[in-house]
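**Q** Please take these sequences and the hints and turn them into a complete structure.
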Amino acid sequence: MKIMKLALRSWIALTSVFSFMAAWAMLAHAPKPVQGKSISSSSSAIAVTPLPTLAPLPPLNLTGNTDGGSFQLPPITIQQAPAAPPVNMFSQAPVFTTGGS
Amino acid sequence: MNTEVVLAAVETTDAEAVLQATRLLIEDCERRFSRFLPGSEVSALNRSAGAWFSTSPELIEMLQQSRQYHQSTGGLFDPSILPDLKRAGYDRSIDEIRGTGAARGPEPREDRPDFQSLEIDTTGGRVRLLPGMQIDLGGIAKGWIVNKAAGLLSEDLPNCAVSAGGDIVFKGTPADGELWQIRIEDPWDSAREVMRLGIGAGAVATSSVVKRSWRQHGVSRHHLIDPRTGEPAAGDWVSVTVLAPSIMTAEVYAKAVLIGGAGETPRLLQQEPEISFFAVKMDGSILSSFELMESFDEHKSRVLQ
Numbered sequence: 285m286k287i288m289k290l291a292l293r294s295w296i297a298l299t300s301v302f303s304f305m306a307a308w309a310m311l312a313h314a315p316k317p318v319q320g321k322s323i324s325s326s327s328s329a330i331a332v333t334p335l336p337t338l339a340p341l342p343p344l345n346l347t348g349n350t351d352g353g354s355f356q357l358p359p360i361t362i363q364q365a366p367a368a369p370p371v372n373m374f375s376q377a378p379v380f381t382t383g384g385s
Numbered sequence: 193m194n195t196e197v198v199l200a201a202v203e204t205t206d207a208e209a210v211l212q213a214t215r216l217l218i219e220d221c222e223r224r225f226s227r228f229l230p231g232s233e234v235s236a237l238n239r240s241a242g243a244w245f246s247t248s249p250e251l252i253e254m255l256q257q258s259r260q261y262h263q264s265t266g267g268l269f270d271p272s273i274l275p276d277l278k279r280a281g282y283d284r285s286i287d288e289i290r291g292t293g294a295a296r297g298p299e300p301r302e303d304r305p306d307f308q309s310l311e312i313d314t315t316g317g318r319v320r321l322l323p324g325m326q327i328d329l330g331g332i333a334k335g336w337i338v339n340k341a342a343g344l345l346s347e348d349l350p351n352c353a354v355s356a357g358g359d360i361v362f363k364g365t366p367a368d369g370e371l372w373q374i375r376i377e378d379p380w381d382s383a384r385e386v387m388r389l390g391i392g393a394g395a396v397a398t399s400s401v402v403k404r405s406w407r408q409h410g411v412s413r414h415h416l417i418d419p420r421t422g423e424p425a426a427g428d429w430v431s432v433t434v435l436a437p438s439i440m441t442a443e444v445y446a447k448a449v450l451i452g453g454a455g456e457t458p459r460l461l462q463q464e465p466e467i468s469f470f471a472v473k474m475d476g477s478i479l480s481s482f483e484l485m486e487s488f489d490e491h492k493s494r495v496l497q
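As you go down the protein sequences, you meet chains A and B in turn. When the count follows my numbering, it moves up by one through the first sequence with no breaks and lands on 385 for the last residue. When the count follows my numbering, it moves up by one through the second sequence with no breaks and lands on 497 for the last residue.
Honestly, the hints are just simulated from the structure, not real lab data. What you are looking at is a predicted structure, and each value in this text was computed from that prediction instead of being measured. Glycine is no exception: its CB is placed at the ideal position from the N, C-alpha and C atoms. All the pointers check out, no bait thrown in.
To spell it out: a stretch of chain B is covered by chain A in this simulated footprint if at least three of its residues, at any positions, have a beta carbon under 8 angstroms from a beta carbon of chain A; those stretches are: (1) 195-202; (2) 347-357; (3) 373-382; (4) 401-413.
If you want a taste of the chain B side facing chain A, the calculated C-beta under 7 angstroms gives, among others: (5) 360; (6) 398; (7) 433.
**A** Set out below in structure tokens:
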């Protein structure tokens with residue numbers, strides 16, 4: 285009886301040690317988990333580039349020339365605007381007022 | 193004209209020169225046709241009553257058109273009401289009267305010749321007012337000037353509009369939409385509108401008893417004289433807006449419809465079936481006769497409410 289108890293205790297102890305060691309080994313070689321949305325330096329990452337800086341507009345030249353008093357403005361570069369939502373046909377045209385005078 | 197003038201155009205070329213030319217045309221016309229300027233052609237014509245007076249082709253043209261409108265409106269449009277305007281106190285510019293009140297009148301009304309008796313010699317370039325006749329072209333000159341200005345402007349800028357105190361000619365189409373937008377003012381509150389319209393090429397004019405009004409010995413007076421009585425019109429329509437193919441027709445009939453009121457409007461509309469009108473009554477109610485107008489180019493007027 286004493287011999288059987290001793291053998292059983294030894295078996296439990298050995299299997300516990302082996303299980304622990306096996307689990308340790310498995311965890312030690314498992315791949316690392318991904319943390320949030322951190323950007324990696326791999327070739328498949330999304331590159332973020334800063335927005336272009338608009339050049340300042342040139343000042344208006346309001347001095348008259350000799351051409352009958354008309355003003356000649358310097359050319360201004362037009363930036364293409366983003367696509368606009370559909371516009372009511374009456375929202376852009378100038379509005380005239382009539383009411384007597 | 194004692195009013196604001198607006199020139200608007202869709203620019204396809206350099207507009208500065210034609211805008212300047214149009215502005216000079218307007219200023220020149222005002223110098224010639226204003227009765228408040230002693231040196232104007234109209235003032236000189238009035239002083240010549242009873243004798244032949246050499247006049248410019250432009251004044252002859254305006255007088256001929258005035259005579260036609262006088263006939264078609266049954267006399268409701270009458271440029272010879274200047275003595276009645278003065279009796280009502282409108283003997284100076286409206287800004288002066290508003291500041292000081294009417295200085296004269298009311299005085300007894302005197303007989304005067306019928307406007308149709310005006311004599312025009314187109315070959316000789318001269319006009320004769322019968323003795324006692326005095327004319328004021330305020331009921332047609334603004335439209336005439338706007339029409340000429342729009343014609344000049346549209347030679348270079350086919351899509352344009354010219355407005356003088358709310359008498360407006362529209363040519364072509366605006367830049368960003370199919371129709372020109374018109375805001376009809378509340379006659380009692382210019383900051384408010386009673387209606388918004390979309391219009392194609394054509395003209396619009398409004399007459400109002402509120403805009404040019406003053407006090408004469410404590411009595412409220414305005415500039416829209418009823419030729420039948422010689423007194424400011426006393427109907428229950430406060431303002432009338434007319435849409436028409438021609439700005440002069442719009443301007444003349446805005447006055448005639450307002451002065452004539454509900455009793456005369458059916459006859460006036462029969463005379464000019466191409467016009468539509470919109471009237472605000474004294475009690476604030478609105479009467480309109482807008483219809484599709486086939487005489488406009490490819491556009492038709494629409495009520496946007």
